[in-house]
Amino acid sequence: MTEIPIEVMVNGTRFRRTVAGRLSLADFLREELRLTGTHLGCEHGVCGACSVLVDGRSVRACLMLAAQADGREVTTVEGLGAEARPLRECLARRHGLQCGFCTPGFLITATELLQDNESGKPLTEDGVREALSGNICRCTGYQGIVEAVLEVGNDTETRDDA
Amino acid sequence: MARVEDGTLLAGQGRFAADAAEGAHQVVFVRSTEPHADILGIDTAAARAMPGVLGVYTAADLGLDGARLPVLTTPNPAFAEATGFQMAEQRIPLLATERVHYVGQPIVVLIATDRYRAEDAAEAVTVSYRGRAPVTDAATALEAEPLYDHLADNEIARIGYSFGDPENAFGRAHRVVSGEYRIGRHGAVPLETRGAVARPDRRLRRVDLTTSTQIPHLVRNAVRTVTGWAEHEIVVHVPDVGGGFGTKANVYAEEIVLAVLARQTGFDLAWIEDRQEHLLSAAQGRDQVHRTRLAVDGQGRILAWGDEFLVDVGAGSLWVAGIVANTAVHALGPYRIPAVRMSGRAVLTTKTIVAQYRGAGRPEAAFALERTLDAAAAELGIGTARIREINLLTDTDLPYPRPIPYRDGEPIVYDGWDYRACLTKVRDLLPETERERLRAEHPGALLGYGLGCYLEATARGPYETARLRVLDDGAVELATGAAAAGQGHATVFGRVAATALGIPEDRVRYRPTDTERLPDGIGTFASRSAVVAGSAVHNGAMRLLDRARALAQEVLGGPVEYAGGVFRRGEAEIGLGGIAAHTRGDPTALDVTETYRPRTVTWTMGVHAAIVAVDRRSGMLSVLRYAVAHEGGNELDPEIVRGQILGGVAQGIGGSLFEEYGYAPSGQPLSTTFAAYHLPLSTDVPNVAVAHLHVDTPDNPIGARGAGESGTIAAYPAIAAAVDDALGGRIHCAATPLDPGLIHGALRKAAVLA
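Listed in order, the protein sequences are those of chains B and X.
Going letter by letter, the first sequence gives residues 1136 to 1297 in the numbering used here.
Going letter by letter, the second sequence gives residues 23 to 776 in the numbering used here.
For the record, the hints were derived by calculation from the structure and aren't laboratory data.
Be a bit skeptical, because a hint or two may be false.
[As the list claims (entries may be wrong)] Some chain B residues close to chain X (C-beta under 10 angstroms, calculated; not the full set):
1. 1213
2. 1219
3. 1229
4. 1242
5. 1268
6. 1269
[Stated by the list, open to error] Some chain B residues flagged as far from chain X (calculated, every beta-carbon gap over 10 angstroms):
7. 1188
8. 1206
9. 1208
All of these numbers come straight from a predicted model, not from anything done at the bench.
Backbone N, C-alpha and C define an ideal beta-carbon position, used for all residues, glycine too.
Assemble the whole structure, with the sequences as input and the hints as a guide.
Given below as structure tokens:
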């Protein structure tokens, strides 16, 4: 079986590893690096639970090979820092999670959305729903997730509560 | 307010089954590719020779030839007697040996050093089959050859009862409407698939099984039934569970086989199901057809109600008694109905096994009754709200007895306050006028308004357990038999304990359920946990406090006062932790295991309202507005109750609009990816307005009623009614998922006529 040397930055740490050509990025993160916050919900690119950021863009780690991450920068849910704090707080306060299995994927997708939105244009509910529609939540009916992203994106209420 | 669970999950630090697999070898099951066939031979030689493969096993290799899954529920004798309930013996093998009955049925299990090699090896196992005719429809199955040799036919359970004088009423009624209503096969589909990790300990002769389940004690019991192991030889642990909704309130062959395989090989083993496996082989739900008759007088008052239903349980269901009984009881609805004729049958087919799915018979029953009521309203030319107003039970009717017992054998008495108030309330939350207002925003769509009522028996027994133990720092450790699967048990039960003990919530440590810490328990399903486990926690906390008080009086030498975890007598004081230290010689002194047995169920009623848009050109449906008003009890955490409703509605929308396990005429399953099985997305589910009408129940010490299934049950009829309304009555939606083809046809017909 082809073994491929890779060098990848994950959550700010550089890793050099040799991986099987067929190893998915998700399995690399979970099995090799023990970063189990990246969850596998479907392994065919639909549910979004395994979303990670690769060079700042969201990617389904089940559809990308570890070998393809060579030379790139990967951020998993464990690597989201201060920039995701308001989002985490709002998701908790607005009950945007129940079982929490899909939550890491939503955090990644929403973080990307919020970063992209630095134009300052207010987020709309329809826009947020569209942006999150590649992540499936089976527990919450999405209401709390959408509210949390809107609240952080438009900086509403956060200040009132502070 | 945030939940106790949230911080860990938001950090990506949850510990789900797959996260507990470190160091374990990987297990994969070889599954039937045939819907119905005799097994002629199983060749595992090639797979055994493959790199990384540690073993390949058939049932015979594991001593499991002839081993079967034990049934999970049998009816109460008084209930069975009163309702004519009967069921036949099911023989679902752990690993198939001679004959397969559905695609996805496990046949061979193998172990490899990693998942990739395990799947390579699974492909190298050859099973030879001689095909038999598939049966994918319940009505056909009733006439077909028996699918199991020990049975005379494919009827696996039946129920039938009547009261009042239905035939007389049908004969003399102003109108009798009849219909056939079908609710498609779909299911729980939690975002986390099934999965289990088994770690054997040779010296202790025990296996620790961590499995993504709602019912750890029933899994343990099933392992024991199959293997004959002692209770201490199999301990079941519940990790973080990524949603259950019923499919994980089932005992699976894979769980039992994994425990046996771990003991036999001595290996730590992990089986983490992939999504295709889940869609093929995890227990599914619904799949019922109801033939209904409703007799009404000139005003729309119900005179008699008849429902004859068929449940397709696929190759079998360990919960068949529950599903059939639930359907037959809940088909009585929240209405004044003087005469009823009810009959139902559960039928075996060559589709995947079935378990309870959120509602478990209630949504099917509600769909049949609510849709028939709408048909009667149309027949009489009165509104759908009006016919419900006329028939819903009010404060002058309630409490309302029914002349049959509930499933626990106790007489049915609906313990609500005023069901019509929920109808009024939901119409305040979402008035029909909102439909007119929305028309301007949606010029390309026809808009309709629909209502659906439900009544659900919640908090069924026979019992649930809780254990509370004071730790040396005065904190209280808590565990319940009702395992958590995302419902916020740590938050809710922690609060119940903290409230009863008068200590801060952060002084309670919730421990995930395991069968060693808490040897007895039942599990989380049937809208029961908050009430039944919550009551066990409450009573356990009160008993713990009584014990602590007696000990404090000993230590302090007389009567004491208690507040906030501390006992005081004059200047002297001792806290719960101090008493724990004082009684170190007797660790049981402040360690209480409580069992709570509800007298019977408590009933939650509600009404759903939906506004649905039908695209004029394509017939595509979207739910624009949604509201739920329900009559519930004391809310232990209002946000969590609301979350249960919201999530339940989303699942109801999924089942109404998209979700279906399809089967080809060849018997092959068609819905084996998320492309084919469409779960509702953020763009499919609207915000839901929820109103809670509080009605106390004195029957349990915390005054709670269950609500876990309330969000799902009435979604199907409410959405179907909204589509009828949008099309101005040119269609009567009688099957879910609603068929855009039929709707499109009705639109075209309308366009031609116009």
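Hints, one by one, checked against the model:
Interface restraint check: residue 1213/B against chain X, minimum CB-CB distance 5 angstroms, threshold 10 angstroms, status holds. Hint status for residue 1219/B relative to chain X: holds, with the closest Cβ pair at about 9 angstroms, below 10 angstroms. Because the beta carbon of residue 1229/B sits about 9 angstroms from the nearest beta carbon in chain X, less than 10 angstroms, this interface hint is met. With a least beta-carbon distance of about 7 angstroms to chain X, the hint placing residue 1242/B at the interface is held under the 10 angstroms criterion.
The beta carbon of residue 1268/B is positioned within 10 angstroms of a beta carbon in chain X (closest approach about 5 angstroms), and the interface hint is therefore held. The interface hint given for residue 1269/B holds, since its Cβ lies 8 angstroms from the closest Cβ of chain X, which is under the 10 angstroms cut-off. Look at residue 1188/B: its CB is around 13 angstroms from the nearest CB on chain X, clear of 10 angstroms, so calling it non-interface holds up. For residue 1206/B, the requirement that its beta carbon stay farther than 10 angstroms from each beta carbon of chain X is met, with the minimum near 24 angstroms.
The claim that residue 1208/B is not at the interface with chain X holds, since no C-beta of that chain comes within 10 angstroms of its own (minimum 18 angstroms).
Of the numbered hints stated above, none is contradicted by the structure.
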